[in-house]
Amino acid sequence: MSWRLVARQGVRESWRNWELPGTIIAFALIFGLIGYWTGPAALGSGNDGSALFGLLAGTMLVLVPATAVTIAHDDVAGRREDGRLRLLLGQPISRRSIVLGQYLATVVTIVSAVLVAVSTGLFIASVRAGELAPPEMAATLVGAGVLMGLSYLGIGIAISTALKTTNFSGTLAFAAFLGFTFVWQVLPRSLLWVVDRFVDVPSNPWWLVYVDTMSPVVATGRLIAPGTSYEALAGTDDVTVTAFAGVVLCWWIVVLPMLALMRFERTDL
Amino acid sequence: MPAIELDGVSKAFGNVVALRDLDLTVDSGEVFGFLGPNGAGKSTTIDLLIDYARPTYGDVTVLGHDVQSDPVAVRRKTGILPEGYRPMRETTGREHVEFAIEARNADADPDAVLERVGLAGEGKREASGYSKGMAQRLALGMALVDDPDLLILDEPSTGLDPHGVRRMREIVSDAADRGATVFFSSHILEQVEAVADRVGILRDGELLTVDSIDGLRESVGVEGQLSITLDGLVDGAVDAVRALDGVTVVGVDGSTITVSCSDARKVAVVDAVRRDGATVVDFETDESSLEDLFVATTGETA
Numbered sequence: 028m029s030w031r032l033v034a035r036q037g038v039r040e041s042w043r044n045w046e047l048p049g050t051i052i053a054f055a056l057i058f059g060l061i062g063y064w065t066g067p068a069a070l071g072s073g074n075d076g077s078a079l080f081g082l083l084a085g086t087m088l089v090l091v092p093a094t095a096v097t098i099a100h101d102d103v104a105g106r107r108e109d110g111r112l113r114l115l116l117g118q119p120i121s122r123r124s125i126v127l128g129q130y131l132a133t134v135v136t137i138v139s140a141v142l143v144a145v146s147t148g149l150f151i152a153s154v155r156a157g158e159l160a161p162p163e164m165a166a167t168l169v170g171a172g173v174l175m176g177l178s179y180l181g182i183g184i185a186i187s188t189a190l191k192t193t194n195f196s197g198t199l200a201f202a203a204f205l206g207f208t209f210v211w212q213v214l215p216r217s218l219l220w221v222v223d224r225f226v227d228v229p230s231n232p233w234w235l236v237y238v239d240t241m242s243p244v245v246a247t248g249r250l251i252a253p254g255t256s257y258e259a260l261a262g263t264d265d266v267t268v269t270a271f272a273g274v275v276l277c278w279w280i281v282v283l284p285m286l287a288l289m290r291f292e293r294t295d296l
Numbered sequence: 010m011p012a013i014e015l016d017g018v019s020k021a022f023g024n025v026v027a028l029r030d031l032d033l034t035v036d037s038g039e040v041f042g043f044l045g046p047n048g049a050g051k052s053t054t055i056d057l058l059i060d061y062a063r064p065t066y067g068d069v070t071v072l073g074h075d076v077q078s079d080p081v082a083v084r085r086k087t088g089i090l091p092e093g094y095r096p097m098r099e100t101t102g103r104e105h106v107e108f109a110i111e112a113r114n115a116d117a118d119p120d121a122v123l124e125r126v127g128l129a130g131e132g133k134r135e136a137s138g139y140s141k142g143m144a145q146r147l148a149l150g151m152a153l154v155d156d157p158d159l160l161i162l163d164e165p166s167t168g169l170d171p172h173g174v175r176r177m178r179e180i181v182s183d184a185a186d187r188g189a190t191v192f193f194s195s196h197i198l199e200q201v202e203a204v205a206d207r208v209g210i211l212r213d214g215e216l217l218t219v220d221s222i223d224g225l226r227e228s229v230g231v232e233g234q235l236s237i238t239l240d241g242l243v244d245g246a247v248d249a250v251r252a253l254d255g256v257t258v259v260g261v262d263g264s265t266i267t268v269s270c271s272d273a274r275k276v277a278v279v280d281a282v283r284r285d286g287a288t289v290v291d292f293e294t295d296e297s298s299l300e301d302l303f304v305a306t307t308g309e310t311a
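If you read the sequences in order, they're chains A and B. Note that our numbering numbers the first sequence so that position 173 is 200, with each residue one more than the last. Note that our numbering numbers the second sequence so that position 278 is 287, with each residue one more than the last.
Honestly, the hints are just simulated from the structure, not real lab data. Watch out, some of these pointers could steer you wrong.
Covered stretches of chain B, as calculated for chain A (at least 3 residues, CB under 8 Å) [to be verified]:
#1 61 to 75
#2 144 to 152
#3 198 to 210
Okay, the calculated beta carbon distance ranges per label pair [said to hold, decoys possible]:
#4 Gly49/A to Gly168/B: 31 to 37 Å
#5 Glu292/A to Gly48/B: 26 to 32 Å
#6 Ser182/B to Trp42/A: 39 to 45 Å
#7 Met289/A to Thr34/B: 31 to 37 Å
#8 Glu292/A to Lys141/B: 47 to 53 Å
#9 Trp64/A to Gly138/B: 50 to 56 Å
#10 Ala93/A to Thr34/B: 22 to 28 Å
#11 Glu292/A to Gly138/B: 51 to 57 Å
#12 Phe195/A to Arg29/B: 27 to 33 Å
#13 Asp75/B to Pro232/A: 30 to 36 Å
#14 Trp234/A to Ala82/B: 31 to 37 Å
#15 Asp30/B to Met289/A: 25 to 31 Å
Every residue gets a Cβ at the ideal spot worked out from N, C-alpha and C, and that includes glycine.
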């Protein structure tokens, strides 16, 4: 169980270098301020809080992926680059345990930050409005934050595991963040528009929804939102797409890091 | 069972061949010094032994385990002082040792380990702030946890002060005394000479020779010096020495004759002067050093 040892060491380092408490405090501050300013209008006077949800979810959509790739991209590559990994691997610890342990240490940071941020934001909004925020809102925000966080951590860890230097891993992780968060849905539509000779077609091809869903952000919405008051987030009620969203998240969270690990296990330090 | 076996091992980094068809066996309980000029492939060989790198061809077996298929089993019984490492961040020296103890599921006292490597009283400091020598001692301490069957030390004297060098030598001797195998690379040849049972000399990725230091002296034939002081200078004694094959008289100073010859010829020199009727009052021998042997073997200085 050396992965536990590595994870504990990772959490200890991130606590002492302020990555863990700093992320939690920053998330709590941002979500707390949103709750403070929008809480009374969004939850008071019989409003259902959807404006508050939209603002918190929109903030989370940028904040969580950006933080996740930032902390994950150098988790393995950074240790490999500066020689810490040579010391760690001098002990009877497998490369698999190193990657898994580091992954779990970053999961602790992101999940803690999401839980504290959502709790703080909704608590302050509820106090300010005199109305309790719906538990469903809290559960949906936490679920979305955790799934997005895990997906981008998976991408970041995979990049960090597969590459030897933080220059490359940082660049690629940041590109992945920008690409999947802001560009992914725009790109295929732009290509279609060009292919169709700059004419808007009345309906999208059937496969476009699947391409869209390959983004962790879109997949999270499509998996979390159905059956809740925030169904509109999913953008479709097709259960096949929902299932595909689950497969996509599984790919980013589990399969991609495993593929990177397989490469890492076969390469020189 | 051999502690280390390299069988037909080659390693290439792109177009650069770092090791060529290396065959090497190190027996259990042996102290083996690994020598070679910079870039000879010493660290690459060590990286292959501990699965930091994979061989392009060949098999590497350590303590009976194939290193590629079961690296953790190898490292469980091996203490490793690698080259080019750095301590963990935000972690004290004592926590490093505790980490090693937990990783090895050992029952050791971290303070005793720190004391053994000369870091008593430094355990509460963050190891990332240690000097190079202190970090080297710490990594050695981590390698010594649980008294491993095999110690693999890559340039262990790097950054150490003379006290540290002496302590390192004592640690190697202690390990050998309890029956552990020690495989170490070093560029400080006096160190290797002091502790190694056998040495291997590597150049350009090829193993030039493996032998004991005495064996090397014989096979390489590097000349040492012998000074013989007689009870009075006897001309016949000088002539008798000059008549010997493989012996050169380099000086006569009063009643002292200094000759240059291989270690194997020194007894013949003494016999020659005694046969001539001279009485040997004193003699001093200066053996060829490992550095001489290294230079003779590789054609380079260490």
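> What hint numbers does the structure not satisfy?
Replying inline: 3, 8, 9, 10, 11, 13 and 14
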